[in-house]
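Engineer: One-letter residues, chain by chain:
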Amino acid sequence: MSASTVPARRKGAGLGLLAWLAGIVFFLPLAWMALTSFHSEQDAATNPPSFTAALTLDGYREFFGTGGGASPWPALVNSTVASVVSTLFVLLLALPAAYALSIRPVKKWTDVLFFFLSTKMLPVVAGLLPIYLFARNTGMLDNIWLLVILYTSMNLPIAVWMMQSFLSEVPVAIIEAARVDGARLPTILARVVAPIALPGIAATALICFIFSWNELLFARVLTGVVAETAPVFLTGFITSQGLFLAKVCAASLVISLPVLAAGFAAQDKLVQGLSLGAVK
Amino acid sequence: MTATTTAPLATTPVPTRRQPSARLRAWATRAPLLPALIFMIAVTQLPFVATLVISFFDWNALYPDARSFTGLDNYQQVLTDSDLRHSVWTTVLLTVAVVLASLVLGLALALLLDRRFRGRGVVRTLLIAPFLVVPVAAALLWKHVLYNPEYGLLNGLLHYVGGPQPDWISSTPLLAIEASLVWQWTPFMMLILLAGLQSRDQQQMEAARVDGASDWQIFRYLTLPHLRRYLELGALLGSIYIVQNFDAVFTITSGGLGTANLPYTVYQSFYQAHENGLASAAGVLVVIGSIVIATFALRVVSSLFREEVSRA
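Chains A and B supply the protein sequences, listed in that same order.
Read in this note's numbering, the first sequence has 216 at position 216, and its numbers run on one by one without any break.
Read in this note's numbering, the second sequence has 20 at position 20, and its numbers run on one by one without any break.
Don't read these hints as lab results, they were simulated from the structure.
There may be inaccurate statements among the hints.
Stated by the list, open to error - Pairwise CB distance ranges (calculated):
1. A/199 - B/121: 16 to 26 Å
2. A/139 - B/24: 52 to 62 Å
3. B/207 - A/80: 34 to 44 Å
4. B/24 - A/180: 19 to 29 Å
5. A/84 - B/210: 53 to 63 Å
6. A/264 - B/25: 43 to 53 Å
7. A/199 - B/291: 55 to 65 Å
8. A/15 - B/210: 32 to 42 Å
Cβ atoms here follow ideal geometry from the backbone N, Cα and C, with glycine treated the same way.
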């Protein structure tokens, strides 16, 4: 062992330790939220914090409505419908579009691709008022299907970009070979394109699900009692006086669970999706 | 739609098995694209046109009969209203501070994670988690669980070292919002920059090392120039999302204490004050601001994209 590797290795270990420290600091608020959600309201609201207080499920009982408050289930169901159905619509619209932009590209396909991207840069507030007035005049206010349509439009550009980038990873030579062998389009799509593009399509769906599940502004303005989604429910959660920390932590955690699950499931493709396919 | 190509029908001999005309084939290629394209135009472009039209009207929803065309009055009012001007400034400050801070932190974390060490996967997972919390939940977490002056975690930890017990949100409201957003957006920047670091030319770096370049020199003259476009991309995508931020402002301060940004102001002026015309004018201004950012963003994405296409 030469002399120079010892300090180098020590420096490496130090930087590894620093990385661990950073990870723990970033995760600490979440860990504390999880711990607090299992504390009683009295133990949750102490200074200095009670790290070792007895654990209880009261916060969760309170959240799920057995404590007398409003039940979160309608909001959770609404969020699930809005996110899942809009994601299905997105896939239905984006898959053919991505096909026409990658495997059999139309003329000027890059211009079309950039049109889709430019709609994503139009801020939500720009169209909020007309959408609100339209919904009010057509009786669509407080209707979950309005959110389904809006979430579809919110995620469609991202999905088209992501899938364009995933579908263009399918080698044209294989498709040509299949065609020469007499395979028809449905067969080519099912047997050649799908197996290669499926992981990317799954990641796209998960990312669209996350964005829909998180959305607050549209849901806040356009829904009321019936079509309220989980984030709106969460904002209306702290109306009562008194202690509510454990309850809020439990609620935040439960509502974030689908997003955490979807995010970690899509981890490998998360960057490519969030950077609209620009970073591989 | 565009040029109509008139094929000399009479002179072409009719083939035994008719080939579809070129125009038909072009439409067949275009067909899969149309549903998505029409849907996007209907749902995103039409409302914006409506916003533009409404912005020229004096229109309070509580007095629908008093609606009248006022030309550019709303814009003049928006641009001279001190609250609204303040919210423009707040938006700029919030966006720039959050994007810069999360980029710098994200770069540091990406550099740390680019090295091999024990438990790298675990640390990566810990670092990504804040990005995967529902934004409203994250804002509530910061407001009540961390910032609360009596029993929040921050003051609880300060208590141990005998530190002061500040009221974080009242004394530094904008900074409080920014910190919660930096916590959520740093992982995003880290992921993009980590992808950038991992796409560096390893041979080139090895060659530089053999030639006796120091770690700092490699970072300064090889890594940083390579990362430049990834930094730009992170900054611009981050700006697009943070300019539009509503959740954190709404939850942490409800736009109070001078923290109302433009999206919140637009929301407030039509949802609470029912000033449709003013809200639309402010909305149009947000769009103009976004177009400036978006033009740069599109240029960056397109340069990365063209490189990708030409490489393929």
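Engineer: Each hint should be assessed against the structure and marked as holding or not.
Structural biologist: Hint-by-hint comparison with the structure:
{"no.": "1", "hint": "A/199 - B/121: 16 to 26 Å", "result": "holds, 19 Å"}
{"no.": "2", "hint": "A/139 - B/24: 52 to 62 Å", "result": "violated, 42 Å"}
{"no.": "3", "hint": "B/207 - A/80: 34 to 44 Å", "result": "violated, 54 Å"}
{"no.": "4", "hint": "B/24 - A/180: 19 to 29 Å", "result": "holds, 23 Å"}
{"no.": "5", "hint": "A/84 - B/210: 53 to 63 Å", "result": "holds, 54 Å"}
{"no.": "6", "hint": "A/264 - B/25: 43 to 53 Å", "result": "holds, 44 Å"}
{"no.": "7", "hint": "A/199 - B/291: 55 to 65 Å", "result": "violated, 35 Å"}
{"no.": "8", "hint": "A/15 - B/210: 32 to 42 Å", "result": "violated, 22 Å"}
In this structure, the hints that do not hold are numbers 2, 3, 7 and 8, in rising order.
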